[in-house]
Each structure stands twice: as structure tokens, then as C-alpha cells.
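Trainee: If you want the building blocks of each chain, they are given just below.
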Amino acid sequence: MARIIVVTSGKGGVGKTTSSAAIGLGLALKGHKVVLIDFDIGLRNLDLIMGCERRVVYDFVNVINGEATLNQALIKDKRVSSLSILPASQTRDKDALNKENVGKVLEELGKTYDYIICDSPAGIEAGAMMALYYADEAIVTTNPEVSSVRDSDRILGMLASRSRRAELGLEPIKEHLLLTRYSPKRVEEGEMLSVEDVEDILSIPLLGVIPESQAVLKASNAGEPVILDTESDAGKAYQDVVDRLLGETVEFRFLTAEKKGIFSRMFGG
Amino acid sequence: MAEASIEFKGSSFTLSVLHLKTSILADISADLAKKVAQAPDFFYLVPVVVSIEKLDCSVDYQAIKLLVESFDFTFVGFTGAITKEQRNVIRELGFSFVNTTKNSILEKSITTTVPAVENIPAVVAATPTPLYTDKIHRGQIRSGQQVYAKAQNLVVIGSVSAGAEVIADGNIHVYGALRGRAIAGATGHHKAQIYCQNLEAELVSINGNYWLSESMEQHWGAPAFIHLTDSELTSSKLT
Numbered sequence: 000m001a002r003i004i005v006v007t008s009g010k011g012g013v014g015k016t017t018s019s020a021a022i023g024l025g026l027a028l029k030g031h032k033v034v035l036i037d038f039d040i041g042l043r044n045l046d047l048i049m050g051c052e053r054r055v056v057y058d059f060v061n062v063i064n065g066e067a068t069l070n071q072a073l074i075k076d077k078r079v080s081s082l083s084i085l086p087a088s089q090t091r092d093k094d095a096l097n098k099e100n101v102g103k104v105l106e107e108l109g110k111t112y113d114y115i116i117c118d119s120p121a122g123i124e125a126g127a128m129m130a131l132y133y134a135d136e137a138i139v140t141t142n143p144e145v146s147s148v149r150d151s152d153r154i155l156g157m158l159a160s161r162s163r164r165a166e167l168g169l170e171p172i173k174e175h176l177l178l179t180r181y182s183p184k185r186v187e188e189g190e191m192l193s194v195e196d197v198e199d200i201l202s203i204p205l206l207g208v209i210p211e212s213q214a215v216l217k218a219s220n221a222g223e224p225v226i227l228d229t230e231s232d233a234g235k236a237y238q239d240v241v242d243r244l245l246g247e248t249v250e251f252r253f254l255t256a257e258k259k260g261i262f263s264r265m266f267g268g
Numbered sequence: 000m001a002e003a004s005i006e007f008k009g010s011s012f013t014l015s016v017l018h019l020k021t022s023i024l025a026d027i028s029a030d031l032a033k034k035v036a037q038a039p040d041f042f043y044l045v046p047v048v049v050s051i052e053k054l055d056c057s058v059d060y061q062a063i064k065l066l067v068e069s070f071d072f073t074f075v076g077f078t079g080a081i082t083k084e085q086r087n088v089i090r091e092l093g094f095s096f097v098n099t100t101k102n103s104i105l106e107k108s109i110t111t112t113v114p115a116v117e118n119i120p121a122v123v124a125a126t127p128t129p130l131y132t133d134k135i136h137r138g139q140i141r142s143g144q145q146v147y148a149k150a151q152n153l154v155v156i157g158s159v160s161a162g163a164e165v166i167a168d169g170n171i172h173v174y175g176a177l178r179g180r181a182i183a184g185a186t187g188h189h190k191a192q193i194y195c196q197n198l199e200a201e202l203v204s205i206n207g208n209y210w211l212s213e214s215m216e217q218h219w220g221a222p223a224f225i226h227l228t229d230s231e232l233t234s235s236k237l238t
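Which chain is which? The protein sequence lines are B and X, in order. Per numbering that gives the first Met the number 0, residue 0 is the first one in the first sequence, and the count goes up by one each step. Per numbering that gives the first Met the number 0, residue 0 is the first one in the second sequence, and the count goes up by one each step.
It is worth saying that the hints were derived from the structure and are not from the lab. Don't take each hint at face value.
Residues of chain X placed beyond 12 Å of chain B at every Cβ, according to the derived structure [said to hold, decoys possible]:
#1 Gly9
#2 Asp26
#3 Ser57
#4 Gln61
#5 Ile166
#6 Trp219
#7 Pro222
Quick list of the computed label-pair ranges, beta carbon to beta carbon [said to hold, decoys possible]:
#8 X:Pro46 - B:Arg163: 54 to 64 Å
#9 X:Gln196 - B:Asp242: 32 to 42 Å
#10 X:Leu237 - B:Pro171: 22 to 32 Å
All values derive from a computational prediction rather than experimental measurement. Ideal Cβ placement from N, Cα and C applies to all residues, glycine included.
Full structure from sequences and hints, please.
Mentor: This is how it looks when you write it as C-alpha cells:
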């Protein structure tokens, strides 16, 4: 059975698509068959982050409407053959999806793939509800900042009440907290919520902490998921996230500010 | 059809009851003057029900009403187990007659002299104070969620997130942090209380009296409970 994982947040701009791309690619690099689905109909982004925007012919909505087959719409990643992307439509809106047909597409994908990663749109409207409805697990992406934490809390309430698992009274969706854009220095200065603060408010298990990093923007613009940047802190942190998703126990890194060495102190670096 | 512009609902109120032990107006006047002099602000415009239970038939209702009003009370009506004839006289004079429930557990006698002022609940719509059972909610109540314990106490085993709302007609117990809104005694119950292990609420309300976060500074972030004393919210430390 494929694991259906929704990457969600409530709030926009916190790193859902970046995280979906990094985690999807990371799982594929480990040899798993992975498909990434962009649920953000009308605001197609995942294809850009994955660097396959010029290869989109058919999209998710075409498949839903029976205008194309799944195989026609799926884009195989050029770096890792076990990874595919199902892009969103840029010209349609979120009402183009319906539960029944989305269910059929996921069922079909489940026959081939080990992991189905659903990149959710922001908000709590129909689009976001569609992305989380069939999920087995949820990666709740949160910035260490009060409004983002509150929106994540709201989404956690939705996961517990509006999903298929909740409606059928099955085992609840497994929730993971992914803290992104974390800056230990600003936490120490009291400008940012700490990991402990966020854990205390949301009380769900921590999957990973991605440090604020210049590498993320660079990776997005280049269409190369940041996990491929193995030199960067963000890339390493996403690698840890993938390992934890696969059941490994990995110690958390990048939680404390780097102490300045004697040279950088002397030369003001 | 448009919704009706008015609605009738029964509510309980705590009113001060002035018990008269004599119908001699001069005596009542003298003792009332003494009483009011002790706390003029407290009694100013306080709604008051006059109990004539201990009096015989020869009562000048009109005079008593005017006397009470002359001390700046807001006269509500008469009460007391009296005869049908007395009741008819009161009604004919255009005064209201208020029934009370017979329990006076809340009775707090301020004085033993005549007249005595007590606080007893006057139940206007004859709804006796119910005994509440508990509604138990396991797990966190997330932002945007609302849990209502209708005619019950609410026990939350978990935290109440900011943006969440817990409401109970009885008491509210939160075994976790209270960061959202908590409304106890929602249908009018001034004895309702709110307990939590970490007070960081956006709003707490008991029987319509509410506090925003800024009023909770004293026990902010600490285990605390909130209750009503003399229509004012008070927070106390949970030890």
C-alpha cells in the first residue's frame, strides 16, 4: 500500500512546495517509487521548483476530466527515474477537483508508487481540504512565527475532523511537525519562537527543523530541489527528514546558533 | 418570513432582597439609612426585591416602594409567601410579584438588625439550579474548533489552542494550557468556575462577565482558576 502524505500548513509561503519537492526527491533517491502531486490548481508552482515546467503537456485536471490518461500527464524526473510529477493546471481553479475522481486517481497511482506526496495549496478551502482528504500522514509545515503556528493548529483540527480517515472513524492521520525557516540566532535573541515553543503549542511529534538558508531560494530559482545541495544546511536537514520518515532515528541538527570562531571574531566575519 | 424582532427567554438573576420585619415606615427608614451609610456606592441603584413574608396584612405597599426608592435603590417588586388577597392588592397597585426558589444556600446575611439585606437567587422563570454532569473531551482543542457542553460541565484532557472556544453551562476544567476562549455558566450560572493548568486565555467569561488577556496578568502562565465574587471576576492560584 502506498503511503499518501499531504504537505500542508494553512498559511501560505511557509515552504510547502519546497518541502514537498525536497522530501519527494529525497525518498526517490533512496530507491522508492514516488509521485508528487500539485494540488494548487490555478497557482502551479511545483513544476517550477522541480525544474520541469517546460515539460508540462497535460495536467491533474485533464486526468480528472478524462481528457488525458495518467501516463500522459505524469512527468518523469530527469534526475531520478523513480520520481514522477503530476502538475496542477494553471488555467483552472480549485473547484475543478472532486473527491470521487481524486480518489480514483490516487487509487490508480497507489498501484505503482510507494509514496504519494500531495502538495497542498494554502488556506482551508476546498483545495486544501481535497489535498488532505485521502491522506494517511500529514507533514504540517510551520514557520516559527505566531500566525503560522496558529494556522497550522487550525489545519491540525481539519485533519482530525475533515479527512476520510476521520469520516470513516479509521485510525487518525499521522501528524508530523516540520519547522522551516528556523533561525537559532533570532531565537536566542528572543525574536523568534523556539522549537520548544512550537512543540508546546501544537503538541505533535517533530519531524524536522530546516534552518533559514540562502540555498533554498537559489535552489527554487534553479529548479533543483534543495536536498540536492548536499553542502547546504537546509539540504542536510531535509536529508534528515527523509531518513526519519523512513523510520530512522536521526539527531536534530542546526538548532543552536553557530559560535563564532576566534578568527571571525578578530576579523569581524 | 423575516425573523421576529424579539424573543422571550427565561434567565436567573441574583437580586438583593430586603426583608422587612416591621411595617412601621419610620423604623424601616432609620435602619435603611444606617445600612446605606455603611456602603453608599455599593447600594446605589442596586435592584432590590422587598420581602413582606414576615409582615401582616396591613402594609402600605406604595409607601414602602417610595421609601426604598428614596434611598436610591431600584425597586423591582415584592416577594414572600403571602396570601392571595395580598398578592391581588399588590397586582392592583401595578407592582410586580417575584417568586423565589425555596433554597437559600447562597444566603449571606449582612446584618441581623431590621431590615436585613440578603442575597438570594430570585428565579424569575422558575428554572431550578440543575446538577451538572461532565462532558469529557480527550485531546487538544485546535484553533477554530468549538466545544459546547450544554447543561454540563466541560472537562478537557489536553490544551485549548488560541482561536479555539470552549463553552459550558457549568464549570470548565482544562488539564492543559488554556490559550483560547472559555465561557462558563453560559446560560446564566454565577457559581460557574474555570480551572486550567496554564492560564494564557484570550478571553474568560462567567455568567456574562468577561476578562480579556490583559486582566489575567496576575496568574498569567500559571495554574489558576477563575470565579465570580459579587459580579466581578477573580483569579486565584491553583495550588
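Trainee: Which numbered conditions among the earlier hints are violated in the structure presented, ordered from lowest to highest?
Mentor: Those not satisfied: there are none.
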